[in-house]
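Undergrad: Using the sequences and the accompanying hints, generate a full structural model.
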Amino acid sequence: MSEKRPAALSRPCVLVIVVAGVERFAYKGVASNLVTYLADVVGMSTSAAAKSVSTWSGVNFMLPLASAVLADSFWDRYSTITASSLLYVLGLVGLASWALLRTWMPCSSLFFPLYLISIGQAGYNPALQAFGADQLDIGDDTGSGTVAEEKGKVKSMFFHWWYFGICSGSLLGNSIMSYIQDNFGWGLGFAIPCAVMAISVAAFFCGTPLYMLKQRMSIGRPSSINIFKVVKSILANVGARKISLPSRDDNGDAISELELQEKPLKAEPTDTKVSMDEAAPSVAKIVFRLLPIWAVLLMFAVIFQQPMTFFTEQGMLMDHTVGGAFLIPPAMLQSSITVSIILLMPMYDRMIIPLINAITRGSDGITVLQRIGVGMVLSIVAMVVAALVESWRLRVGVATGGEGGGVRPSILWLLPQYVLLGVSDVFTVVGMQEFFYTQVPSTMRTIGIALNTSVFGFGSFLGAFLITALEMATASDGNGRGWFSDDPREAHLDKYYWFLALLSSVSFVIFTHLCKYYNSTDASGK
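Residues in the sequence shown are numbered consecutively from 22, following our numbering.
Don't read these hints as lab results, they were simulated from the structure. Check before you lean on any hint, since a few could be wrong.
[What the hints assert, rightly or not] Once the Cα atoms are required to be at most 27 Å apart in a straight line, the calculated DSSO-like pairs of lysine-lysine come out as:
1. Lys-537 x Lys-306
2. Lys-176 x Lys-537
3. Lys-516 x Lys-306
[Stated by the list, open to error] Label-pair restraints from in silico Cβ distances:
4. Gly-228 x Trp-413: 49 to 57 Å
5. Lys-306 x Gly-208: 50 to 58 Å
6. Ala-494 x Leu-122: 24 to 32 Å
7. Ala-223 x Ser-66: 34 to 42 Å
8. Lys-306 x Trp-125: 51 to 59 Å
The beta-carbon is built from N, C-alpha and C at its ideal position, and this holds for glycine as well.
TA: Next comes the structure, spelled out in structure tokens:
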């Protein structure tokens, strides 16, 4: 009798996806309109507000690298979720309190609750996602070919619906909370995400009897030693200027090495604990060989941040009125991204993959790396469209922003660039989650997820650096901020968008070259 096929998503798995969606509602309820709060209420300049949001977002994506070590080494994932959720809720309470007491609070103190949210989210999100994947109870992709393929399908289903869940929460956070904040006040606008997040944490704990707790705290110390050996091995490889890529011709065990400098690695002294010494370098090699793909995805991460920063600022300079009465908050347009994702994701397996199979006359769909590449191309197209719309806005409005008789185009002209980014997310973001999850050993799955989120963290820092560098390069007498001037008659966001499209195109070309070094069977979307 054939081996039993893996089941579909279990009830605990579905509960975790719902909890993750509620967390996204709370986070987006704060983050989506934060640049408006910093510029209009706190009083920051346009570029300073954008850099502050980019830096904060970067920290949110980077800190999971540290929390992942705790989750996979010192603690178990359930304990990590427990501790980080309390910090998360405490940060939201502090932010809502600051908004209510703003007139008595120094402006610099606003960043304390914001970064407390960052610390809480750093442990909460990657541990929750890995914990949710644990509830599938399908083990590794081993066994006969048919069984391994079925397990891969269930795993892909989880990441597919996980992203669907968090996008649904993001949709509500972007649309509802931005409207409340702009029309009913920021105190209420920050208090609602706080209350909703507290309820979701309570719901997660109520489901504890249903969960499968695969990690045990008793294994923490040996695992932590292993992690530190991995870090040491990675640093040794970096010092030797050596990058390892998987061979396109083998099964993934052998590697094809790209030598950046003809300098051999220094031999490490042997250790009595042979098993740990052998395991750590192999894990380090697996992580280190992902870095080239990780690096070329940074420009996608920079584009990923634009809706929360300059897209919103761009919308503030346009006509918000629809139908002569209803006012659309600029941050609400971010909802169009999540609407695009929610509408497209159920169609992905039922329409897009069969269409691809019909065109290619195959039955395997596309690999994860191909899925990522399609999304990268769409993100470049989105930036080209954004640049064209902004150039047209400047010409039509006579660069007055609506003052002095100038014309302001409707904010709905921004919809195409938002929708294109939403479609690109369906391909690239979901593909990245599965790629980094499946390319590391099962004992390092939280770290794999953290590697994925760290792309967006470094991308946010890179975005803030690019803004600073371009401010200095494009500044002139009487226009101290260059392309990002607070005066809409002198700002040139269109040039910035063209610049991002150019850099992203270069990254895509490098990405296509790197893909041939990765065996498609190691990261397939089948």
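Undergrad: Now, for every hint given, state plainly whether the structure supports it.
TA: Okay, the hints, checked on the actual structure:
no.	hint	result
1	Lys-537 x Lys-306	holds (18 Å)
2	Lys-176 x Lys-537	holds (24 Å)
3	Lys-516 x Lys-306	violated (40 Å)
4	Gly-228 x Trp-413: 49 to 57 Å	holds (51 Å)
5	Lys-306 x Gly-208: 50 to 58 Å	holds (51 Å)
6	Ala-494 x Leu-122: 24 to 32 Å	violated (40 Å)
7	Ala-223 x Ser-66: 34 to 42 Å	holds (40 Å)
8	Lys-306 x Trp-125: 51 to 59 Å	holds (55 Å)
The structure fails to meet hints 3, 6 from the earlier list, while all remaining hints are met.
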